[in-house]
Each structure stands twice: as structure tokens, then as C-alpha cells.
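As they're listed, the protein sequences go chains X and Y.
Residue numbers for the first sequence follow numbering that gives the first Met the number 0, so the first one is 0 and each next one is one higher.
Residue numbers for the second sequence follow numbering that gives the first Met the number 0, so the first one is 0 and each next one is one higher.
Just so you know, these hints were derived from the structure itself, not from any lab.
Quick reminder that beta carbons are idealized off the backbone N, C-alpha and C, glycines included.
One thing to keep in mind: the hints can contain errors.
[To be verified] Computed, partial: chain Y to chain X, Cβ under 10 Å:
id, residue
1, Phe-10
2, Asp-34
3, Trp-94
[To be verified] Reference listing, derived: stretches of chain Y covered by chain X, where coverage requires no fewer than 3 residues with Cβ under 8 Å from a Cβ of chain X:
id, stretch
4, 14 to 22
5, 36 to 48
6, 56 to 63
7, 67 to 75
8, 84 to 91
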Amino acid sequence: MLAMHIPDGFIDGRTSLVAGLVAVALVAWSLRMTAKTLDEREVPIVGLVAAFVFALQLLNFPVANGTSGHLLGGVLAAVLVGPYAGALAVTVVLVVQALLFADGGLSALGLNVVNMAFIGAFAGYGVFVVARRLLGRSAPSVATAAGVAAFTAPVLAAVAFTFEYAIGGNDAVSIGAVAASMIGVHALIGIGEGVITALAVGAVMATRPDLVYGARGTTPREPTSAAAPAGAS
Amino acid sequence: MARRRISVAAFVVAGLLVAVLLVVFVAPRASSSPDGLEKVAADQGIDRDVRPSAVADGPLADYGVKGVDHAALGTIVAGLVGVAVTFMVVLAAMWLLRRRRSRTPTEPVAG
Chain X
0 MLAMHIPDGF
10 IDGRTSLVAG
20 LVAVALVAWS
30 LRMTAKTLDE
40 REVPIVGLVA
50 AFVFALQLLN
60 FPVANGTSGH
70 LLGGVLAAVL
80 VGPYAGALAV
90 TVVLVVQALL
100 FADGGLSALG
110 LNVVNMAFIG
120 AFAGYGVFVV
130 ARRLLGRSAP
140 SVATAAGVAA
150 FTAPVLAAVA
160 FTFEYAIGGN
170 DAVSIGAVAA
180 SMIGVHALIG
190 IGEGVITALA
200 VGAVMATRPD
210 LVYGARGTTP
220 REPTSAAAPA
230 GAS
Chain Y
0 MARRRISVAA
10 FVVAGLLVAV
20 LLVVFVAPRA
30 SSSPDGLEKV
40 AADQGIDRDV
50 RPSAVADGPL
60 ADYGVKGVDH
70 AALGTIVAGL
80 VGVAVTFMVV
90 LAAMWLLRRR
100 RSRTPTEPVA
110 G
């Protein structure tokens, strides 16, 4: 089996419904923000990011004793096209996976969207912004900061799942054990997420750094402006 | 910066090509071990009440193609469909978002 997201029956209907409402509100807000700020030329880039995240999610890599992991992609999407459009791109990936490929339960779609699209693209992007500030403004530091932030995304998603399971899961299951094993294995998956994200962001930084949302303000947008006489503003 | 930049269109085509190559050559070789959530769920008994998805009988369920027994081929076809559908859905959504804004006549100051 390839990628697997939360199926139906892990978390009760009430908790899933609340997560669904939260997801709808976040999507509506992101649509508004994206409509306000999206650049014309970014339109196809957002499509590419979604298609790329879908492809990368198919590539389960082994992590430890008979366990695999795959990219979640929230940080990658947010660094490339911004947190709002990035979260929307990953949301579409998750909706397509649930509807066409039966990956992730339909009742659990809100949980999956919150955990993978929004925690990655919002919280993960926040980590990226802090990491970039600490690492400096060079091109390699943008890719490195993206990798560091991407490492945290599966861990944060695992924490969110544990929280959701504590609210809407089976009482007979030990939450401490769920927390420890979810966070442990997703820290390993985070290493893969970090490496893949850093490589992908690095590749875009090497080709079209001006298209990287997370690099805005670090690279000259117009090559000609660098040639302007010193002192001209 | 003297290096010539590739156009946005060329960039998108190149990116889609890489996605297609990943689906065709890497996806069939991806690990088939349970993923992190699946493993923890089995170990901790989270999956005792699991129900199959309402669309579990769909033609592309579980990233295969119904009627195609060749696992790698099914994965490749399902993966390519997924790449194409996500690209087109997001492209259409972003285009509509942009169009709605540019159609709006000079926006009054919110207040």
C-alpha cells in the first residue's frame, strides 16, 4: 500500500465533524487571502506544486523496522508559493486522494486537511521564517531553512493526531503510548521530509529563485536592479 | 546576473516532467511497508474500528487500476491520473480566483 492517511473509524464522528468545520473555515480564509495576493504568473506554479506534492506522496521511503513514510508537502508548498496558496494546493491533493484513490476516509478528510495541509503550510512555514532569519539571506540558507522546517512538519502532524485521538479516539488505548510512538516514527519520517524539501527548494532556487515565495526579499527580483548605480533607490 | 532564466512556462513543463518521471520510475519501487500512522495504529489498537472508505471500490482505489493485475502498471496509471487531476484542479481554481479579482471594478476602500 502507498500513502495512507487517517481512515474512517480511527476518530469519532463528532471530532471529525469539528475538524471538518475548522478545515472549511481555513480553506475559505486561504481562498480570500490567495485571491488578494496571488500573482498572475504564480497561477501555473501553484498547479505544479500540487501535482508535484501528489507525486512525492506516492514515494514511500523505508524508515525503521518494517515502517515507511512519505512526504506531507505542506512546508514545500508554502515555501514555494506562500502559506495560503500552498495550503490550498495540499488540500486539493488530499481531496483528490480521498475521492479518487480511497486514501484517507471521507469522514476523516477534515482531520487530514488540518494535520497535513494547514499544520504544514502554516505552522511549518512559521518555523521556516524563524529558521531563515537565523540562517541568513543566502540562497543555500533558504533551502536549508525549508529542510529544517519540513523536518518539524510530520512531528507537528503527529502531535495533532495524538491530540485528536485523545478527544475522539477509543478510551481503551493509552494516549501516552500513542504520543510516544507517533512522535518517534514521525521524527524519522521528518528526516526524509526535510531532505526532500531542501533538495526541491534548492533546485528551484538554482533555476528561478524569483519564483520562490519564501526567498522574497533575499534575492533581487529584477536582474537589472542590481546593476543600478549605488545610491539610487 | 548574466545567466539566462528559463520562462515560467518552461519551468512548469519541466517540473511536470520530473513529476511524471518520479511516478513512472520511482513510485512502483516505493516501500510497501505500512507507513508511520498505519504501523502505530496496528501496534496500539487504534485500527480496531476502522471502516473501508466509501469509495474503496472505485476504479482507482488504493492507487491501482481496477482490472489491471500488473501492480506496477496500475500504480503508474493511477499516479499519472492523480498528477494530471491535481494539476488541472488547482490551475483552474487559481485561475478563477485571479479572474474574479481582476473583474472586480476599482475596489472601494473596506470600512
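We went through each hint and held it up to the structure:
1. Evaluation of the Phe-10/Y hint against chain X yields a held restraint, the C-beta minimum of about 6 Å falling below 10 Å.
2. Checking Asp-34/Y against chain X by beta carbon gives a least distance of about 5 Å; that is within 10 Å, so the hint holds.
3. The beta carbon of Trp-94/Y is positioned within 10 Å of a beta carbon in chain X (closest approach about 6 Å), and the interface hint is therefore held.
4. A stretch counts as covered by a chain when three or more of its residues have a beta carbon under 8 Å from one of that chain; for the stretch 14 to 22 of chain Y and chain X the count is 7, and the coverage holds.
5. Coverage of the stretch 36 to 48 of chain Y by chain X holds. Counting CB-CB distances below 8 Å, 12 residues qualify, and the rule asks for three or more.
6. For the stretch 56 to 63 of chain Y, the proposed coverage by chain X is satisfied: 5 residues have a C-beta within less than 8 Å of a C-beta in that chain, meeting the threshold of three.
7. Coverage of a stretch by a chain is defined here by at least three residues with a beta carbon nearer than 8 Å to that chain's beta carbons; for the stretch 67 to 75 of chain Y and chain X the count is 1, and the condition is violated.
8. Residues of the stretch 84 to 91 of chain Y lying with their CB closer than 8 Å to a CB of chain X number 7, which satisfies the three-residue condition for coverage.
The structure fails hint 7 only (numbered hints given earlier).
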